[in-house]
Each structure stands twice: as C-alpha cells, then as structure tokens.
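Asks: Spelled out, the chains give:
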Amino acid sequence: MPSTPSTPETGTAEPVLEVRDLAKHYPLTRGVLVKRRIGAVRAVDTVSFALRRGETLGIVGESGCGKSTVAKLLVSLERPTAGTIHYRGEDITRLSGRALRAVRRNIQMVFQDPYTSLNPRMTVGDIVGEPFEIHPEAAPKGDRRRAVQDLLDVVGLNPEHISRYPHQFSGGQRQRIGIARGLALRPEIIVADEPVSALDVSVQAQVVNLMEALQNEFDLSYIFIAHDLSVVRHISDRVAVMYLGRIAETGTGREIYDHPTHPYTQALLSAVPVPDPEPREGRTRLLLTGDVPSPANPPTGCRFRTRCWKAQDRCAVEVPTLTPPPGLPGAASHPSACHFAEERAGIRA
Amino acid sequence: MSRLLEVCDLRVEFRTRDGVAEAVGGVSYAVDAGQTLAVLGESGSGKSVTAQAVMGILDSPPGRITGGQVLFQGRDLLTMGAEERRRIRGAAMAMIFQDALSALNPVVPVGAQLAEMYEVHRGMSRKDARRRAVELMERVRIPAAAQRAGDHPHQFSGGMRQRIMIAMAMALEPDLIIADEPTTALDVTVQAQVMEVLAELRREYAMGLVLITHDLGVVADVADTIAVMYAGRIVETAPVRDLYRRPAHPYTRGLLDSVPRVDHRGERLYAIKGAPPNPLALPSGCPFHPRCPRAQEVCRVERPPLYEVTAAAGTGSPGARTSACHFWKDELDALDAVNA
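Taken in order, these protein sequences are the chains called A and B.
Everything in the first sequence is counted per UniProt numbering, starting at 1 for the first residue and increasing by one.
Everything in the second sequence is counted per UniProt numbering, starting at 1 for the first residue and increasing by one.
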C-alpha cells in the first residue's frame, strides 16, 4: 500500500545496484616493525540488498553499525573483504583502472560534514568542476564554467558566487555545494552519508527538500545513510536497519516504522523522542541495557542477543537469517533477522 | 513553589577581530524548584553562552557580561564575590556538558574524581569519600561500579561517561542543574537511557533543571516550560503543551513544521528560508524578519518586545506565555483557522 503512488514502494522497478554478502574486515595488528595480525574488526558482515531505479533506500543504525563502511564500499573508496556489488549486471568490486572510473562516474557520494569535505583553498567553481578534470568527457573544456554555474543554479545557489570560497557560505549552502559536486557527472546513483546531520534544524528541511526535488528531476536513485530515524522515514521508500555490521530488518517505510518485528528496531523506534508532548503517556519505551559490543569480538549467533530481552539459548548458537518470519500476516511479513520476530503493541506513538 | 533561578535582561558581548558581537541581547527566564525549563535554539542562538554566564564560566575575554542580573535563590550571582560564588557553584548549582570526555580529567580515575567532590566540599575522609563515589556510580546505573571506580574516563563508553558526568553534577545534591546538550553526541538508545537516569534523579531530589538543546523531541519528553532562543534573544516562552499545539511565534512554528516525524510519514517538509544571521551583523528590528513569512514593514524597523500572550477563552493553560512577534495574535488566529 504505497502512501506516495509516484514512487515505487514495493518491488516492481528494476534494480540498479545489487549487493550480495558484502563484508569488510579491517585487520587488527600488533607490533611496530613486524606486524602480526591478532584479529579483525568486522565492520560489515554479509550484507545484502538491492537498490531500484528512482527509489531511496535508507540505511539506519547507531554509531559503529557499519553503515558508513557500506557507503565507502559502494563508491569503491574501500575494497570489500568478500561479496559482490553488481551495477548494470557487472561486479564492480573486481574492476580497476578505466573500467572502474567509468562506473564511479555513475555512483557519486555526498558527505556528512560540509565543513571538512570541501577544500578551503579551492573556489566553489573549482570544487564543483573538479569531477570534470577526472572525467573530461562529461563536459568539454570550454563549457565547464557554464556547466558549473548551471549546477549551482540547480541546487539553489547564486551562479554569480562561482569564485567564492567555502568559508563564505553557511553550513546549508556548503552542503548544497557538496550536492552540486555529486551531481556534476549526472550520476544514476547518489550515496549520501549523513547528509543533513551536521545542519541546524531549520536548514535540514531545505536540504532534504532539495534532495527530493533533484531525485525527481534527474531520476536519481539514493542510498541515504543516517542515524536519524525521523529523517530516514521521511525520505526513504525502503529502509534497512543495521546492527553491528549486519542488517537486522528491512522493508518498506511503513513495514519498518509501523510494523517492526525485530526487537532491535522496536527498541530503536521506541527510544526516538517524538516532538509532541501528547503521546508521552501511554507510549511504551523499551530501554536497552548496556552498550553495543565491539565489532572486533561480536557475540556468537545473533549479534543483538546480549542486549535483547527475548534472547534464548538458540540465539547464541544459530545465526538468524534475514527472511520474512513464517506465520506473520500482512505488513509484518518482511525480512527480519530474529528467531522470535513478532509485532509488539505500544511501540508506535 | 519557590523561584530558584531568575535571569533578568542578561547581556553578553564577544569582542572579536571583526567587531563586537552581541551574543546574548537581553535574555530573561526563570526556573522554579523541581521544574524543568528547556532552552531551545539552533547553533549561535546564544543558549549556551547564557548558561555559561549563569554558571560564571564564560570565557572572558573575549566574552563580557554587559548587563542584567542572575538571581539564584534571590541573590545576584553577578555582583557577589568570587569566593562566595565558588561555594554556590558545585554545591548548590552544577552543570552537565555535552562532551564528557573533555569535561572529565583524563589522567585521574573516575572514582577519585567523584570522591574529590566530597573531600573538598564536605571535608570527608578519603575512605568515606571513595565509598560515596561508588554509591553514586551505582545510582547512575554503572554496572560493577566498585570495580570500575578505578578506571579512567577513556575506558568508558560515551553513554557511561555521560552518566559519570551526571553523577558528578548530582554528587552534592544541588538545587539546580544546568545541562547543555547532555545527550546530543549519543546514539538514540543510549540517549534514552541517559535521559531516564537524569529525569529520575531530578524527580527524586526535586531539583530544578535547565535543559539546553536543539532537539524538539527531547524537549517534548521532559520539559515543563520552554524558552525558544533566536539570534541571542528569547522569541517565545510557553508551557510545553501550548508551545507544540499553538506556537505564538513564526520561528517556533517554522521549526515545528520543519522536523520530519518518526511516527508518521508526512508530505514535503516546510523549510524556513535562509540561514541564521551572523551575530556580527544582526538584522534591524526583529532579527527573524528576513526569514519570516509574516514580516511587514514594522518588523524591519521596530524590535518587538516580549509581548504577553493571553490565552483565548477555553484554550491553553493560564500562566506566563510570551512572544517577541508584533503579529503573535495573527499567528495564533491563522493556526486556529487551520486547525478548525
């Protein structure tokens, strides 16, 4: 039941990106001269999902869950330890050189911090036009200034300001510069890692609205990574909830937010403060105990079991698969990696 | 209910290379014993600077208090001597900071840092002070408190460190706590735990709490009264329900409309145009007028005072509501027309 009929909430459109069993382990070493490997931080472990044309897939999770590592893997800033990323039927994790560059043109990234992700010594024109240096075929040399000014106009900045420096812009404007740079090569996919979390509340909405408008205008597919569950609900068609390097639950916005079946998703949602004093009463708050375990030494079986109120012996032994739990009706029937997945009353405000 | 803290027309300037910035331009608010006041504002609104001036920890220079009073239990903190003020701070009023890692001493075990409070302020023996420190750590629900008292701040997670800060603020059972973005750096599940601990202790000791935050969700959860700040001034104060139901300032309304909700998926977000102003060059008249959909000629010229907002018959709760908007009445009427 799509709430916005124009966007594909359920699986009809073709996938533009398919991620299968993706893993990234960072080695832990000891010793200065002779480095010995003493273990690995399993930042991302067997993550699979698909992104469809024109849709927004939101990835949410708390710090350390691996969501930013997923972003880096998708734009080939990091090489995966295992798994595949298929773009247009081709596994991009095996590409290099010219072939990789061609793919990168179509998968661009927008970073979190508009203060540190823009070179302070470059003008806005140089920053937004820099992708053309690497991909000269995207805009002929004589046309570049024109192309950059068009991009500034598209993201709502004054094209006259092409010669200004980043410090002359506010935080929201800087994020627009970052978005313009991401758009420069007319990519198909934009991976945005916490694009609005460094911005003031009154400016966040401007950038979220801009991203939505650009998606319609340029037929973009978004991977939108954030820790803010409210922003993700607003912008996403489908959502994946990550915990300690794995996807705990995935489904449409409505399935995840109104019918969560994984205990972690339920706890996460119940912890979000709602900007409304009325539902303070009568809302169940599931308070998790303890902290997220270290990804260098994750729990056996289900990774959430050390903080889960439902955990049984089985959870320590058997890794739950990300599949729709049997026997759950309607919107509750979506992939949830819990042996005891079920809906719970009083979660929603 | 007794008045615990009253800030009257407080003014703070910052002298910078580029000129004098009026960071706080005449702020007044009050907290009663056992009440929670939330000071809501975006970065640069002056909410933290106000708190630093109240606590007496303003960086000076470049900051300078240029006017106003800070009455704590009826006595003006700004005119009393340094020694007297030091005795009040810590014992009767305490502060919780956003970044626990830089607020705690990195080379002293947390148990010793907590114990020091009792040794210095209460003259306890080292042994008794240590025992009290462990009790305190248990109160803020740090597991295995006795063993962990010997650990250093970096050995704790962010949530645990924030609890230790809360423990330190609570140690001498102050009458007032000022918490400046206490959970902003924390993950949402940890934030919920920390706010729960804070709320529980506040209730138990009937302390007054000034909660400084930018998060409309956290405010709705815990505040009794809200003061909204913009460009160094308070633009609206109201009891929590009134503020969310019937905001009487266009800025407040814009903020409420611009946050996406986790409990339902809305349509396009309302966006306040422009960006917060540069404190070195505040707009004339009402500082919000360049971004305000309701702005008229008078807003460009005349700075609005804090008008008393009178509740219409049968709506809202009586009590102090103020709005620094020339057109607060029209704002409320328009809102009621939409809701009708």
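In case anyone wonders, no lab produced these hints; they're calculated from the structure.
The model shown is predicted, which means the values in this text are computed figures rather than measured ones.
We put the CB at the ideal spot given by N, CA and C, even for glycine.
Just to be clear, a hint being listed does not mean it is correct.
Capping the alpha-carbon separation at 20 Å, the derived lysine to aspartate or glutamate pairs in DMTMM-like fashion look like this [claimed, not checked]:
1. 329(B) x 257(B)
2. 273(B) x 153(A)
3. 273(B) x 212(A)
4. 127(B) x 138(B)
5. 273(B) x 6(B)
6. 72(A) x 153(A)
Coverage of chain A stretches by chain B, computed from C-beta distances (three or more under 8 Å per stretch; other residues unrestricted) [to be verified]:
7. 15–22
8. 174–186
9. 201–210
Asks: For this structure, which hints from the list above don't hold up?
Replies: Numbers 5, 6, 7, 8, in rising order.
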